[in-house]
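Residue numbers (the numbering used here), protein chains in the order written: chain A, 1 to 114; chain B, 1 to 109.
By construction, these hints were calculated from the structure, which means they are not laboratory data.
All C-beta atoms in this analysis are idealised placements derived from N, C-alpha and C, irrespective of residue type, glycine included.
Some hints here could point you the wrong way.
[Unchecked claim] Output of the computed footprint for chain A on chain B, the stretches with three or more beta carbons under 8 Å from beta carbons of chain A:
(1) 69-82
(2) 96-107
[As the list claims (entries may be wrong)] Partial list, computed: chain A residues near chain B (C-beta under 7 Å):
(3) L43
(4) F45
(5) G62
(6) S65
(7) F69
(8) E82
(9) G84
(10) S86
(11) E96
(12) P98
(13) G106
(14) L111
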Amino acid sequence: KAGVTQTPRYLIKTRGQQVTLSCSPISGHRSVSWYQQTPGQGLQFLFEYFSETQRNKGNFPGRFSGRQFSNSRSEMNVSTLELGDSALYLCASSLELPNTGELFFGEGSRLTVL
Amino acid sequence: TQLLEQSPQFLSIQEGENLTVYCNSSSVFSSLQWYRQEPGEGPVLLVTVVTGGEVKKLKRLTFQFGDARKDSSLHITAAQTGDTGLYLCKGGGADGLTFGKGTHLIIQP
């Protein structure tokens, strides 16, 4: 069974630009959640989508947004990039609520903002 | 905001030694999970504990959930080089989920 696929794996942007990251969940998983991982702050929850609806949102500014499509694929967008947005962005899919269910992570998209 | 403190932050030991890492909080969680992340990959679930005082064993790994469901420990017996990685605990409940910052574990041959 195919795992969670994230694209692109690596990207470099400059301050002020925007970026869109994509995540294809495991077949049958309708919950997709996004996380930002940095050495200083660790793994932080961004938001979660289920059946095209955002169910939960972490404590991030409005520059971070996402959406989910009818096939459960999800995208996240970061606008007006800042240097501090450089991080590994991880997507996870799950059968249950991400709060207590098992999360299946992709390999991540590593974003560098110059 | 629920916080999970993991300790130690870094640990480097020789193959064959035993070790324990900790995950502590002032909040009560419905469940606590441990994940291991290797370089270039996403975290992978090791175990889920849901009952206070619960102990689970996975080969050489022993996981314990505190009686009050606020803390957890992971003990590794006779560590192997393949145990090297970032160990993350994740607490979850009705209020949401939170990850600890992780313990970077290096097992030297």
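Now the hints, each set against the structure:
Under a criterion of three residues with beta carbons nearer than 8 Å to beta carbons of chain A, the stated coverage of the region 69-82 of chain B fails, only 0 such residues being counted. With a cut-off of 8 Å between beta carbons, the region 96-107 of chain B has 7 residues touching chain A; three or more are needed, and the interface restraint holds. Nearest Cβ of chain B to the Cβ of L43(A): about 4 Å, under the 7 Å cut. The hint holds. The closest approach between the C-beta of F45(A) and any C-beta of chain B is roughly 6 Å, which is under the 7 Å cut-off, so the hint is satisfied.
Checking G62(A) against chain B: minimum C-beta separation of about 19 Å lies over 7 Å; hint violated. Annotation: S65(A) was flagged as interfacial toward chain B, and the flag is violated, the nearest CB pair being 19 Å apart, outside 7 Å. Taking 7 Å as the C-beta contact cut-off toward chain B, the hint placing F69(A) at the interface is violated, the least distance being around 21 Å. Given hint, E82(A) at the interface with chain B, is violated; its Cβ is 21 Å from that chain's nearest Cβ, farther than 7 Å.
This hint is violated: G84(A) has a C-beta 17 Å from the nearest C-beta of chain B, more than the 7 Å allowed. Because the closest C-beta pair between S86(A) and chain B is about 17 Å apart, greater than 7 Å, the hint is violated. The interface hint given for E96(A) is broken, as the beta carbon of that residue sits about 10 Å from the closest beta carbon of chain B, more than 7 Å. Interface hint at P98(A): satisfied, since its Cβ lies 6 Å from the closest Cβ of chain B, which is below the 7 Å cut-off.
At its closest, the beta carbon of G106(A) sits 5 Å from a beta carbon of chain B; the interface hint therefore holds under the 7 Å criterion. A distance limit of 7 Å between C-beta atoms decides the matter here; for L111(A) the minimum to chain B is near 15 Å, and the interface restraint is violated.
Of the numbered hints given earlier, the model fails hints 1, 5, 6, 7, 8, 9, 10, 11 and 14; all others are met.
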